[in-house]
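**Student:** Residue numbering for the sequence shown follows my numbering, beginning at 50 and increasing consecutively.
Treat the hints with care, as some may be off.
Between beta-carbon pairs, the in silico distance windows are [stated by the list, open to error]:
{"id": "1", "residue 1": "P273", "residue 2": "L93", "range": "32 to 38 Å"}
{"id": "2", "residue 1": "S155", "residue 2": "A417", "range": "25 to 31 Å"}
{"id": "3", "residue 1": "H305", "residue 2": "L91", "range": "18 to 24 Å"}
By construction, these hints were calculated from the structure, which means they are not laboratory data. Only a predicted model underlies this, so the values are computations on that prediction, with no experimental measurement involved. Glycine included, each C-beta is placed from N, C-alpha and C at the ideal position.
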Amino acid sequence: MGEDAGEDTGLGRDFGWLWRAFAVSSLGTWLALDAIPLIAILALDVSATQVSWISAAGGAAGALLAVPLGPWVEFRPKRPLMIRADLVRFLALMTVPAAYGLGVLSYVQLLVVAMLVAAADIVFVGAGGAHLKALVPERHLTRANGRFEAVMWISTAIGPPAGGALVGMLGPVVTTVLNATSYLLSALGLRAISAPEPAPPARGAGASRLAEVVEGWRVIARDPVLRLLFANTALVSALIMATAPLLTYLMLNDLHFTPLEYGLGFGIPCLGGLAGSRLSAPLVRRFGQRRILLGFGMARALWLVGLAFVGPGTGGLLVVIAVELAMIFCMGVYNPVYVTYRLRSAPNDALARVLTAWTISGRAVTAAATALWGGLAWLTSPRTAIAVAGILLIGTGALLPWRERAMAGHS
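When you get a sec, could you build the whole thing from the sequences and use the hints?
**Tutor:** Below is the structure:
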């Protein structure tokens, strides 16, 4: 008990406010999962292609807008930037119910809102990681990231079903209002943090703007472990996310699962993510960071191929739950460890740019993979496309830093 109390003291009151801000915004985000495409379908009667454009254009344009923002985030105090990002997301999202109520909502407005929210997301991630590293003692980073991971999986489990029920009862914009409000509450939580921030890094004399923009990618490229984790993480996320719409189509259209069964198939396994996130720090203390990073990094890639064998009925639903549960549990253990390693390895004067570069690249690769796998499913079938992604996902284990011993010093 003494050790736990010491760890709680190490995280501190200010971390509590940061955690609450993340928790409320995470729940709002998952309540409003796919809210903008849903509004486009229900309120504007757009085509399937136009719905796809909202997701693709929002993510791509948001990433493009965020590229020059890396240095801007790096050389400024992080907490005010996080608050401003929250306020931008709040104001952008609140224009949707306002326009809907006035009868002037348009497809172009939804596109612009999606772009602004995506860009603000990237700014928040870049500033938030640097702020966490300054706020929490290094020995507590894995535990802190585990708490964020736990909240994310809880929100993932309860948000989409609750959001769907609210939309059914109260109309298509209700979850957008709740999501916007969550960002306002997040900003208020961040304002309650009292610890002074360390001064941001100073701009190097004579450094060109282009060099400042690409510094995040340079730091990743120079570090052999970060370079491999960067490639592995981008590909794993892209392959998993690229199969998500295909599995949705397979379950609802080909196998005729009900929406409730579909929701259970993805809600129940998120409890595995919660369990994994709670076990992450104890496992690192027992086995060391390197073993957990490599073992669970490989284990999380083994399961996706099983979704290609999903059949109809209760048996098929149990296969989905079992596969997703195993994969998400491994991700729940792995993610806090890899995030902590990244925070410790990146230099403080380039950390925000590293996190921004990481996020931009990951979203770009995911967008490309989603488009590519949509084409593969059209040429073959959703089941075949899922199987190909699952086999390739196993191969991403080769990109883990098996031969790099440098990470042992961060255990």
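**Student:** If you check each hint against the structure, which ones fail?
**Tutor:** 1
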